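J.: Each chain, letter by letter, is given below.
There are 2 protein chains.
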Amino acid sequence: MQRKLVAVDWGTSSLRGALIGSEGVVLEKRAFPQGILQVAHGQFQHVFEQRFGDWMAADTLCLVSGMAGSRQGWREAPYCPCPSGFEDIAQHLQWIEKDRIGIVPGLSTWNDDTPDVMRGEEIQIFGALTSQHIHSAQFVLPGTHSKWAHVVDGKIKAFKTFMTGEFYALLSQHSILAKTCLPDAPLKKEVFIEGVMQSQKPGGLLHHAFSARSLALFEKLNPAQSSSYISGLLIGEEIKSAKDERSEKLENQAPLFILGNGQLTQRYSFAMKALGLPATALADEVTWTGIWALAQHLYPQDFTQNFTLS
Amino acid sequence: MQRKLVAVDWGTSSLRGALIGSEGVVLEKRAFPQGILQVAHGQFQHVFEQRFGDWMAADTLCLVSGMAGSRQGWREAPYCPCPSGFEDIAQHLQWIEKDRIGIVPGLSTWNDDTPDVMRGEEIQIFGALTSQHIHSAQFVLPGTHSKWAHVVDGKIKAFKTFMTGEFYALLSQHSILAKTCLPDAPLKKEVFIEGVMQSQKPGGLLHHAFSARSLALFEKLNPAQSSSYISGLLIGEEIKSAKDERSEKLENQAPLFILGNGQLTQRYSFAMKALGLPATALADEVTWTGIWALAQHLYPQDFTQNFTLS
Numbered sequence: 000m001q002r003k004l005v006a007v008d009w010g011t012s013s014l015r016g017a018l019i020g021s022e023g024v025v026l027e028k029r030a031f032p033q034g035i036l037q038v039a040h041g042q043f044q045h046v047f048e049q050r051f052g053d054w055m056a057a058d059t060l061c062l063v064s065g066m067a068g069s070r071q072g073w074r075e076a077p078y079c080p081c082p083s084g085f086e087d088i089a090q091h092l093q094w095i096e097k098d099r100i101g102i103v104p105g106l107s108t109w110n111d112d113t114p115d116v117m118r119g120e121e122i123q124i125f126g127a128l129t130s131q132h133i134h135s136a137q138f139v140l141p142g143t144h145s146k147w148a149h150v151v152d153g154k155i156k157a158f159k160t161f162m163t164g165e166f167y168a169l170l171s172q173h174s175i176l177a178k179t180c181l182p183d184a185p186l187k188k189e190v191f192i193e194g195v196m197q198s199q200k201p202g203g204l205l206h207h208a209f210s211a212r213s214l215a216l217f218e219k220l221n222p223a224q225s226s227s228y229i230s231g232l233l234i235g236e237e238i239k240s241a242k243d244e245r246s247e248k249l250e251n252q253a254p255l256f257i258l259g260n261g262q263l264t265q266r267y268s269f270a271m272k273a274l275g276l277p278a279t280a281l282a283d284e285v286t287w288t289g290i291w292a293l294a295q296h297l298y299p300q301d302f303t304q305n306f307t308l309s
Numbered sequence: 000m001q002r003k004l005v006a007v008d009w010g011t012s013s014l015r016g017a018l019i020g021s022e023g024v025v026l027e028k029r030a031f032p033q034g035i036l037q038v039a040h041g042q043f044q045h046v047f048e049q050r051f052g053d054w055m056a057a058d059t060l061c062l063v064s065g066m067a068g069s070r071q072g073w074r075e076a077p078y079c080p081c082p083s084g085f086e087d088i089a090q091h092l093q094w095i096e097k098d099r100i101g102i103v104p105g106l107s108t109w110n111d112d113t114p115d116v117m118r119g120e121e122i123q124i125f126g127a128l129t130s131q132h133i134h135s136a137q138f139v140l141p142g143t144h145s146k147w148a149h150v151v152d153g154k155i156k157a158f159k160t161f162m163t164g165e166f167y168a169l170l171s172q173h174s175i176l177a178k179t180c181l182p183d184a185p186l187k188k189e190v191f192i193e194g195v196m197q198s199q200k201p202g203g204l205l206h207h208a209f210s211a212r213s214l215a216l217f218e219k220l221n222p223a224q225s226s227s228y229i230s231g232l233l234i235g236e237e238i239k240s241a242k243d244e245r246s247e248k249l250e251n252q253a254p255l256f257i258l259g260n261g262q263l264t265q266r267y268s269f270a271m272k273a274l275g276l277p278a279t280a281l282a283d284e285v286t287w288t289g290i291w292a293l294a295q296h297l298y299p300q301d302f303t304q305n306f307t308l309s
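Top to bottom, those sequences are chains V and B. In terms of numbering that gives the first Met the number 0, the first sequence is residues 0 to 309. In terms of numbering that gives the first Met the number 0, the second sequence is residues 0 to 309.
Keep in mind the hints are simulated off the structure, nothing from the lab. Misleading hints may appear alongside valid ones.
Stated by the list, open to error - Think about it this way: if two alpha-carbon atoms lie no more than 20 Å apart in a straight line, the pair counts; the simulated EDC-like pairs of lysine to aspartate or glutamate are: (1) V:200 x B:243; (2) B:219 x V:96; (3) V:3 x V:112; (4) B:187 x B:152; (5) V:178 x B:243; (6) B:188 x V:112; (7) V:200 x B:48; (8) V:219 x B:111; (9) V:200 x B:111.
On a predicted model such as this, the values are computed, not experimentally measured, just so you know.
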């Protein structure tokens, strides 16, 4: 029997799904602004059926990654502790309906005494490992809460979260810097790189952020440039912290990949190039690749074809 | 002739004034929630007369420090570039009424190619130098935008701004951390110090901020503790950056003073002690001391008595 797969990525602020045919090709995609924060308690099953019910034939498998597995989501899927690989995730799926609708657990790790968590990024990382045919690498997943993850021998060994995207929203919309900033202005690459380089100087983020104010006071930064500068400061600060750590650990001299959407990935690529940290950007179809690979792992006889990028 | 002095500190969000008698003793103090952001264009003279007009006898001198001298204030008093001392400020007063109502200019400095600015803190620093009878020191002025300033031979040589207080407001009220944080909870010293120590570890602020989220998820930080932890992370990050720089410059091994209000000064004292950076806390009466000393400098024959703390 060859089955179809409904791959769902249910995040904090959005709900995305793909219907993947038994040949491993995406047949249809849907996206809704219906993240878990927009779904009332007890309504997850209802929303799922409303959005994807027509895709669910009797023998269709559905795997859901992301915040749907959090305490505030559809069903809590406890974190798998690092190091965790594909097998660990597969063994700890939370089944809404056995062998039919499963929730993929997220991962936890401890940096010294401090926990860190991810939900949804793990499946993207496994998707990237699959699509790149590699077992060890470092991954950056830019976003509201960026993740930097180390993968060794197919297992996510450790990772760190950076609140870069959220800090950008706070500073560009709610701080004193917002007075002289158009948060949605298009990227000015040169000004962005100035921000990246500023962030590498002594002083730290709390100090450098104020330079967006003082440069505006001295008419050296206009509102259309300010957003690029602040973005550069923050992405530069994130890369600086992660890079310092990378250079401390020889084991981390693995290839570096950026996983994410076009615009943000481009900014990280620019910044990393400017900082001498070469990285390869991969599109975020890796979510579907990862969920398909998980289905193959769970039911090898039902999912014999490899996933094919459309 | 002995004159009285009306010392005014007109900031972004508050207006404070002190009537100081010719003996150098504060006779009366007033404070209003009427910072420059709350005053309409062209209404500064009116608000001043409304609040302090009854203090202004024919021969009374008034000196106004703070944001009143900014472009959005009463009258722009261009920044004095560092190094600047008392003489530089005195020479560049902006007179609303000659020899009667003067606006104290702020300072600017350049860290590499990046400008930094202060308005109001310079007079507090000069007040502290006067009250402590010293000419060289390092000063920390905690606040929405904290300042760290180096004074050598009576001149402010350089300074840096840190957006620590503003970041605290953003994170504790507007970020994902706000969900599990009571921003006005009383200080829990132990948790505060945990935040301070966390901020010294590798990872940087963008990463450490997320630990307030993950510790809450793992039930290791409750909402009444979270505000202390976040405050510790931020103040610790500020001190770390400033301390790294201090240790790089031998000339900065001058005594370290904290100038500010009680609660915040206490937090900085706790953090600096935990980080092995001893500092002496001074109350913010230094504003009146500084403005009085400036009056003495301008009109030595009219202000013969030294300022006396009440």
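J.: Look at each hint and say if it fits the structure.
T.: Hints versus structure:
no.: 1; hint: V:200 x B:243; result: holds, 12 Å
no.: 2; hint: B:219 x V:96; result: violated, 33 Å
no.: 3; hint: V:3 x V:112; result: violated, 43 Å
no.: 4; hint: B:187 x B:152; result: violated, 39 Å
no.: 5; hint: V:178 x B:243; result: violated, 31 Å
no.: 6; hint: B:188 x V:112; result: holds, 19 Å
no.: 7; hint: V:200 x B:48; result: violated, 46 Å
no.: 8; hint: V:219 x B:111; result: holds, 14 Å
no.: 9; hint: V:200 x B:111; result: holds, 9 Å
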